[in-house]
Amino acid sequence: MNFQQLLQLRPDLAFIAHWVAPRSHVLDLGCGDGVMLDYLQSDKDCSGYGIEIDDDQIPKCVARGVSVIQQDVESGLAILSDQSFDTVLCLSALQMMKNVEGILRDIARVGSEAIVSFPNFAYWPHRVALLRGRMPVSKTLPYEWYDTPNLRCATIKDFEALANQVGLEVVECVALTEGVPVNFLPNWRGSLAVFRLRKNSAERPA
Amino acid sequence: MLLKIYWNLMSALGIVSPQSMFFSAPLPLQSGAEMRDYTLMYETYGELNAARSNAVLVCHALNASHHVAGLYDANDPKSAGWWDNMVGPGKPLDTDRFFVIGVNNLGSCFGSTGPMHNNPATGKPYGADFPVVTVEDWVDAQARLADVLGITQFAAVMGGSLGGMQALAWSMRYPARLRHCVVIASTAKLSAQNIAFNDVARQAILTDPEYHGGDFYAHGVVPRSGLRVARMVGHITYLSDDDMAEKFGRELRNGKYQFGFGVDFEIESYLRYQGDKFSEYFDANTYLLITKALDYFDPAREFSGDLSKALANTQAQFLLASFTTDWRFSPARSKEIVEALVKNRRRVAYAEIDAPHGHDAFLLDDPRYMNFVRAYYDRIWQELNQEVAA
Chain A
35 MNFQQLLQLR
45 PDLAFIAHWV
55 APRSHVLDLG
65 CGDGVMLDYL
75 QSDKDCSGYG
85 IEIDDDQIPK
95 CVARGVSVIQ
105 QDVESGLAIL
115 SDQSFDTVLC
125 LSALQMMKNV
135 EGILRDIARV
145 GSEAIVSFPN
155 FAYWPHRVAL
165 LRGRMPVSKT
175 LPYEWYDTPN
185 LRCATIKDFE
195 ALANQVGLEV
205 VECVALTEGV
215 PVNFLPNWRG
225 SLAVFRLRKN
235 SAERPA
Chain B
1112 MLLKIYWNLM
1122 SALGIVSPQS
1132 MFFSAPLPLQ
1142 SGAEMRDYTL
1152 MYETYGELNA
1162 ARSNAVLVCH
1172 ALNASHHVAG
1182 LYDANDPKSA
1192 GWWDNMVGPG
1202 KPLDTDRFFV
1212 IGVNNLGSCF
1222 GSTGPMHNNP
1232 ATGKPYGADF
1242 PVVTVEDWVD
1252 AQARLADVLG
1262 ITQFAAVMGG
1272 SLGGMQALAW
1282 SMRYPARLRH
1292 CVVIASTAKL
1302 SAQNIAFNDV
1312 ARQAILTDPE
1322 YHGGDFYAHG
1332 VVPRSGLRVA
1342 RMVGHITYLS
1352 DDDMAEKFGR
1362 ELRNGKYQFG
1372 FGVDFEIESY
1382 LRYQGDKFSE
1392 YFDANTYLLI
1402 TKALDYFDPA
1412 REFSGDLSKA
1422 LANTQAQFLL
1432 ASFTTDWRFS
1442 PARSKEIVEA
1452 LVKNRRRVAY
1462 AEIDAPHGHD
1472 AFLLDDPRYM
1482 NFVRAYYDRI
1492 WQELNQEVAA
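One line per chain: the protein sequences are A and B, in this order.
If you count the first sequence from 1, you need to add 34 to reach this note's numbering.
If you count the second sequence from 1, you need to add 1111 to reach this note's numbering.
Check each hint, because a few of them may be wrong.
What the hints assert, rightly or not - Reference listing, derived: stretches of chain B covered by chain A, where coverage requires no fewer than 3 residues with Cβ under 8 Å from a Cβ of chain A:
#, stretch
1, 1174-1184
2, 1445-1453
3, 1458-1471
No lab work stands behind these hints, which were simulated from the structure alone.
Even for Gly, the Cβ is constructed at its ideal location relative to N, Cα and C.
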């Protein structure tokens, strides 16, 4: 898979892929059909593993030649050693987790860097929906309140505080809409929050 | 008639027949003993391509054989190979693409040299004197067969349960001779509980008066009751608690308690039937040998228990699958292998199939399982074609 193909399929992932260094060893939590790892392997010479729980996605990863381990991310990453990955990706998956804090701690344990994305609940159409008295339903939050897999609703500001608490420092934060960064009023105008994180300098091995 | 059509469709390979190969060079065994000479029974399906790159070895588990797929008798669906749902034209392991080989292991009772055959040293059946063979010994014998068939590298070596152990042993013992290693419902070592069950089975055979120290052939008898109990114990471990509850529950054979020691419950009737059937075709010495091979398998042993070190020299890519209700070789056992492979940065695809059928699930048709294996072989096929094109 080349960049153009990724850009067409998933513009958000295409933007995020710039942040992954060539030849990195990557862990993709909630890797879905494996499209990101497929791209990183074929275009950036990366290696790595995807973790995915959904039965239907596993053969799709296999078809792409992506190493996939079927497991619930919530059950912990005990099979992965400390600091064994250059970059841990957790893209549009964190909002579905119960134990967000525990997962972030695990991410900090196994990886040197992390990239985390989630739908920004403070995106302006969501705010408008709430002002009208209804839960937001949008392209990034396409579910009704009663059938959503998204357990956690967070804003860009919220997430930063939690990241610091678990020993991750924010290197960069970008809000994307349709895969394009939003610079002006990102917490209003960005539908997807993307954080580039690394272990706090105090906790990084010297 | 309909059943017949159905089965011919199911087993699209049609009629298959076994072959045998004699090996006159002694095979050194892990125990220090050797097999002076031996015969291996095997079957093949599909065509070996010109590059000899599309061969897949399928390794069998405890009570199976070289008869992996196809039928021996077009009118007898029961003559289908033990993995006929997995292997054949259009099946997940597609014999229109791959050249598939099934080999009967040494010590077995389906035609390869075993304890019922004559020991060339004495001219009498080996009986209990048949050398104790290990998973690694079997793999060495399979490698010699591959040599003769002109296969230097398998596209994949595959197996479930004890067969998975052989695939795993291949990846460590002959790292360059397989591109892919497919390990299903298996483990890198038996647990104490597994060994305990095996020993109950062995004791049932060894203490049967008809066993005659393994020399029952000379007495014209079979330690049938020992084999029955061995099979009953084994069978319990292949099924899940839920599966057994659903199939049998506390159903009574005759609707009421008999107040005796005959068959009251359906589960008793089922297990006895399985035991009876098994004791008619399986060899008692073979059962002892194969359960020992299971018990001894522990490739991490010579690395102080560190499986990742044992797997450090592997070159293959791996597929592993486990079944959530398999308590014989549970998902945790497969995950230990995955963990060790990830430590070594080997490529691996692992699926944990939420199937209700316990260990036996690896022989059944769960679509999630079948699609996973199919996708993997599709990928291997693409790799092979890219190479031919290149």
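Hints, one by one, checked against the model:
Requiring three or more residues with a Cβ within less than 8 Å of a Cβ of chain A, the coverage given for the stretch 1174-1184 of chain B is violated, as only 0 such residues are present. Interface restraint, the stretch 1445-1453 of chain B with chain A: holds (4 residues with C-beta to C-beta distance below 8 Å; minimum three). A count of 8 residues in the stretch 1458-1471 of chain B with a Cβ less than 8 Å from any Cβ of chain A is obtained; the coverage claim is therefore met, three being the minimum.
Going through the hint list in order, the structure does not satisfy hint 1, though it satisfies all others.
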